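A.B. asks: Each chain, written out:
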Amino acid sequence: MTGARTNTLASLRGSIERIEAHADASAPARVALGHAEADVTLQGGLALAAVHEVFAEGRQSAVATGFIAGLAGLASLAGRVTARRPLVWIRQDFAEIESGALSMAGLTELGLDPRCLVTVRAADVDTALRTAADALACDALGAVVLELWGEARQLDLVASRKLTLAAQASGVTGLLLRVAAQPQPSTAETRWIARAAHSPPASVGSAWGAPVFDAQLVRNRHGPVGRWIMEWKCDECLFAKPAAYPQPVAAAPAHRPHQARAQQRRAG
Amino acid sequence: MFDADAAADAKALSDIAGWCDRFTPLVALDPPHGLFLDITGCAHLFGGEAALMRMVCGALTRQGFAVSAAIAGTSICARTMTRHVSGQIVPDGGEAEAIRLLPVFALGADEAISRGLRRAGLKTIGDVASRARHEITARFGDGFTTLLEQALGQGDAPISPLKPLPDYIVEKRFPEPVATDGVISATLSRLAAMLVAAMDRQGKGARRLEAHFFRTDGAVRAIAVDTGQPVTKAEMIDRLFRERLEALKDPLDPGFGFDLIRLSASRVEIVVQQQRDLDANVHDNDALAALIDRIAARIGGQRVVVHLPQDTHIPERAVKAAPAQHHLAAAQAAAWPAREESEPPLRPLRLFARPEPIKVIAEVPDGPPAWFQWRRASHTVTRVEGPERVAMEWWRSPEAMLTRDYFRVEDETGLRFWLYRDGLYDREIAQRAGEIVQPNWFVHGLFA
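Read top to bottom, the protein sequences are chains A and B.
Those letters in the first sequence? Residues 1 to 268, by this note's numbering.
Those letters in the second sequence? Residues 1 to 448, by this note's numbering.
No lab work stands behind these hints, which were simulated from the structure alone.
Quick caveat, the model's predicted, so the values are computed rather than measured.
Yeah, the Cβ is synthetic: ideal placement off N, Cα and C, and Gly gets one too.
Each hint should be verified, as a subset may be incorrect.
[Unchecked claim] Which stretches of chain B does chain A cover? Using the computed rule of at least three CB atoms under 8 Å from a CB of chain A, they are:
| no. | segment |
| --- | --- |
| 1 | 146-159 |
| 2 | 224-237 |
| 3 | 283-292 |
| 4 | 335-349 |
[Said to hold, decoys possible] Short, incomplete list of chain A residues facing chain B, as computed with Cβ under 10 Å:
| no. | residue |
| --- | --- |
| 5 | Pro86 |
| 6 | Ala137 |
| 7 | Leu141 |
| 8 | Asp214 |
| 9 | Gln216 |
| 10 | Arg219 |
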């Protein structure tokens with residue numbers, strides 16, 4: 001590449017930097033996911049005051065829901081010591097028919113708090129987008145989740161830019177759950193594809209582990225991409241690298257009979 | 001020539017009552033063809049009682065109605081006057097004198113009573129009034145005496161207005177009808193500021209606001225906005241109405257223009273000033289409530305919900321979705337059953353409103369599923385946990401419902417499902433049929 005061309009490229013890059021400068025001026029606050037490698041790739045974690053997209057196939061909708069609920073939980077707790085900030089979940093009516101409503105018991109099981117949740121049932125994509133833009137402009141919220149099913153023509157670059165600007169202005173994190181949709185150009189900070197991953201090989205008596213996601217980062221505006229297996233720790237409300245199973249077990253005590261597991265797992 | 005249409009007459013009368021709302025908020029129907037307007041304290045706004053009556057009669061006549069009106073101290077006296085002559089104003093205390101010479105039928109009593117009075121030789125109201133009351137009561141009943149006393153101004157019954165009187169009203173009349181959106185929204189903003197100023201003096205905030213648009217051709221359009229918290233800011237009112245007007249399925253049609261726009265607060269509450277704590281939770285709640293109000297104004301209050309726990313173990317009934325405007329505080333204070341520490345999720349993240357039937361192959365009828373087909377895709381079960389047995393609430397439903405055995409399963413790709421078999425195979429299903437039947441299986445939820 002000739003010197004002149006390099007110069008031109010450098011100056012163009014410089015002007016793009018300046019255009020985007022207001023976004024980066026105050027280095028965006030980030031919240032760590034808990035998964036070490038992913039946090040390194042994301043330069044510290046999930047950027048707050050930005051829009052993130054999670055895509056999934058139709059049958060993986062619940063997996064993506066779990067992943068995005070985890071992200072929302074992290075974002076709503078960021079910077080707060082006592083209570084979580086409220087979470088607004090905007091769902092298109094069709095998504096509820098296809099993949100069911102969000103279950104509060106399930107949310108509790110993931111370690112999140114249903115008391116913070118306000119659900120908006122939007123009849124169509126237009127309403128959902130407008131409501132999302134409104135909600136993102138409200139600085140009292142922790143996060144706004146917008147759940148759409150299928151391709152949404154209305155969610156183009158302009159709509160996406162609007163959401164991003166609203167998120168930057170208010171500091172609220174926007175999360176887009178796009179089930180059964182193909183990624184389109186957007187101004188999202190990151191874009192993920194969520195898939196189900198197998199439960200870790202279980203120890204005796206436990207056939208069932210914490211939720212495990214195969215999270216692929218396919219777009220990252222400010223860094224590289226990657227793909228990780230993440231486990232959601234329901235107790236700590238963090239993502240983590242799945243522990244290597246089977247876990248080492250302490251040697252059985254020699255001076256007394258081998259005891260049954262202290263904590264019997266509930267059959268039901 | 002056409003048949004009388006009582007329903008259409010009643011509709012026309014109620015439309016006229018709506019139109020009359022511009023003169024006083026207290027309008028009552030007097031079927032089949034009368035209206036009472038309580039103009040106490042309103043007449044001076046229209047240049048006095050005579051001018052007000054001329055205005056009402058003139059406008060109604062121009063619209064093609066035959067009008068007979070009267071103003072009196074009691075509603076019954078005024079009605080009696082209208083039966084005979086139009087345009088009379090009875091001075092205070094002059095009721096008995098004014099109706100003395102009117103025939104008894106003008107009182108509007110039953111046909112039988114009027115006939116009975118005439119047969120008794122009492123032709124005018126003055127004749128009836130001159131008799132002792134106990135005689136009249138003995139012959140014609142208590143109701144008639146009360147009516148007579150009210151007509152004579154010796155007692156008054158309150159009218160029952162169509163709409164309850166709003167707590168605060170502000171309105172703007174236009175000398176020329178206005179039809180442009182700009183003027184309408186500017187008027188609403190100004191009215192909102194006036195309304196807030198009026199409420200603020202008494203420390204009140206509005207929970208329900210109504211805007212009435214009076215069109216020149218007589219049509220009245222009312223638009224109401226509910227809020228979750230008392231509104232005390234004019235900008236908020238302005239914004240709520242803007243959202244509401246934009247989202248109307250049947251948009252506001254100015255036609256030839258509106259000549260009166262009224263804004264009223266029909267439900268108000270005392271505003272409690274809360275002190276901000278360090279955590280700024282109060283601010284958060286205020287901002288959240290304002291956001292909920294705005295969204296609800298646009299898409300409807302039923303679509304913005306919070307979740308309240310219910311005291312039942314049936315999974316689909318364990319949560320009630322309640323409008324967020326009214327239940328936000330309850331939802332934030334709700335006590336949810338806590339999760340079991342260090343356990344993987346026992347309940348699915350997404351729950352279907354109606355469980356979806358699936359085809360299942362199980363090794364034994366009562367056992368866990370080994371393979372199933374849902375939405376035309378087949379899944380091989382690699383891990384399974386269960387059953388968790390959920391008995392139905394027999395005390396709620398009259399017919400017996402089957403016990404459910406729930407299984408948490410994971411398929412070969414790592415997807416996790418919450419499946420259940422409807423009925424205990426050996427006790428409920430096999431016995432009932434008397435022959436070999438396959439149990440029904442359903443998928444009820446999806447785990448993350």
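A.B. asks: Compare the structure with each hint and give your call.
C.D. replies: Here's how the hints hold up against the structure:
no.	hint	verdict
1	146-159	violated (count 0)
2	224-237	violated (count 0)
3	283-292	holds (count 9)
4	335-349	holds (count 14)
5	Pro86	5 Å, holds
6	Ala137	8 Å, holds
7	Leu141	7 Å, holds
8	Asp214	8 Å, holds
9	Gln216	14 Å, violated
10	Arg219	23 Å, violated
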